[in-house]
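Chemist: Sequence:
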Amino acid sequence: MTQRPTVTRFAPSPTGYIHVGNLRTALMNYMIARKTGGTFILRLDDTDQERSKQEYADGIMTDLDWLGLHWDRVEKQSLRMDRYHEAADGLRAAARFYECFETPVELDLKRKKQLNMGKPPVYDRASYRLDDDARAAMRAEGREGYWRFLLDQQRIEWADGILGDISIDAASVSDPVLIRADGQVLYTFASSVDDIDMGVTFIVRGADHVTNTATQIQIMQAMGGTPPNFAHHSLLTGAGGEELSKRLGTLSLRDLRARGVEPLALLSLMARLGSSKPVELAASMQDLIDGFDVGSFGAAPTKFDAEDLFPLTRAHVQSLPLPAVADKIKALGVPDALAEGFWAVAKANITVLDDLSKWWELLRDGATPLVADEDRDFVKTAFDMLPPQPWSHATWGEWTAAVKEATGRKGGALFRPLRRAITGLDAGPEMADVLPLLQKRPQL
RNA sequence: GGCCCGUUCGUCUAUCGGUUAGGACAUCUGGUUUUCAACCAGGCAAGAGGGGUUCGACUCCCCUACGGGCUGCCA
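Each residue of the first sequence is one higher than the one before, counting from 901 in this note's numbering.
No lab work stands behind these hints, which were simulated from the structure alone. Here the structure is a predicted model, which means the values were calculated and not measured. Among the hints, erroneous ones may be present.
[Unchecked claim] Okay, derived cross-link-like pairs now, BS3-like style, lysine-lysine, Cα gap no bigger than 30 Å in a straight line: (1) Lys1230 - Lys1203; (2) Lys1203 - Lys1177; (3) Lys935 - Lys1203.
[Said to hold, decoys possible] Taking CB as the label site, the calculated pair distances span: (4) Asp1208 - Pro1287: 41 to 51 Å; (5) Ile1066 - Asp982: 25 to 35 Å; (6) Gly1195 - Lys1310: 44 to 54 Å.
Cβ coordinates follow ideal geometry from the N, Cα and C atoms, glycine included.
The task is simple: from the sequences and hints, build the whole structure.
Modeler: As structure tokens, then:
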């Protein structure tokens, strides 16, 4: 459905950092733009001046950069206020805006009353029915007007790229407030104006915007614009099905990055989770883009488990060539001459790159030996037979062969206690490769 | 309460009325490795419940239950 160059946008409000839920939206829009040779717009929805902060805007861009989601264009709604007011004038002239005077408290009361009577809490258009004299009286009273969009009360339909055919009766929705009494332009309006002005042709966003879409379609049409295509992806829930937002603190991109999650691992999961395509580590962003199909996503809420990120991260880390990690290894203090051997040994035994430090510490300082009582004499004998350094790749074989000869032990009974005594672990890399890297003679 | 969407192996999902209900991830077993990882082979495991429609329903319809979203002078 998106073969022609598609203009997409990611429109976070800078009131917090990006989290996995946001990321999915950003990534989908990014991939669609790239796949079609289109344009990916980063739009900061910062009309809420009280909650928006530059610090968050910077953080969002840093996070997107980290993931390689580069935008072609960046916009800030706070810089477009004049345009919104101009559009508002147009809608007033077209009689689609009307001024209202109820206070938030009054509206709240009205809703509660409707609910108590078993009626839907839809705005009753009381202010719409005010005549000019009544409005003037309201203003004279010192009331400050705010502005609602007059919905055309028909069914609004669209073919959603994920949900399929959607139909919402405008009569079941309140006329949306688009401009507050203090003049602040609200999201629904700014977003609609922007999407038309910026030529956005395809909007992928969370299912929490489904009802908004209905009203935004009418707003766009009232402005003489053509609504873009829409696709609403399901929202993520926690692994236990609980609402994800309650755990956002542990699921921010910054936190995942701090835990060592690799960008490509994160992208691989987010690009596929909830779709019918298998989740697997992608070789590159381009791979993800090529294989992306928004229509392959399901409408049901999707469980997200951050632990799934680690197998993917491990697979990615283990696939890295030495040059990709040389700086990191150098920073650990590994001598250049040992870097290649160290990486070969360590990479198969780590999940995140930070795990490298444990292996270097072990090789540099030696481990706390793990020796069973019945193996004590054996290990002591073996250690006494270990030739002086330096050790080569062949040392292990020669040494263990000699130990086998001397003690009569073989197989697991021979190798296992030595591994445990030298590394303090039951599992780990090839011992023949480990020996040349050991900086100290193992002690009992 | 109203509106919208949803419910298939543990997880993400395929199936567009007739299938031994398929795949991927996870898990388990075996093989290969001195061990781990990787790799190969194999195994376990699913249609929320109830009514219809139909020769036949996971698939279509209705009801119920459950889950998610919206119902703001937030985004």
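Chemist: Identify every previously stated hint that the structure contradicts and give their numbers, smallest first.
Modeler: 1 and 6
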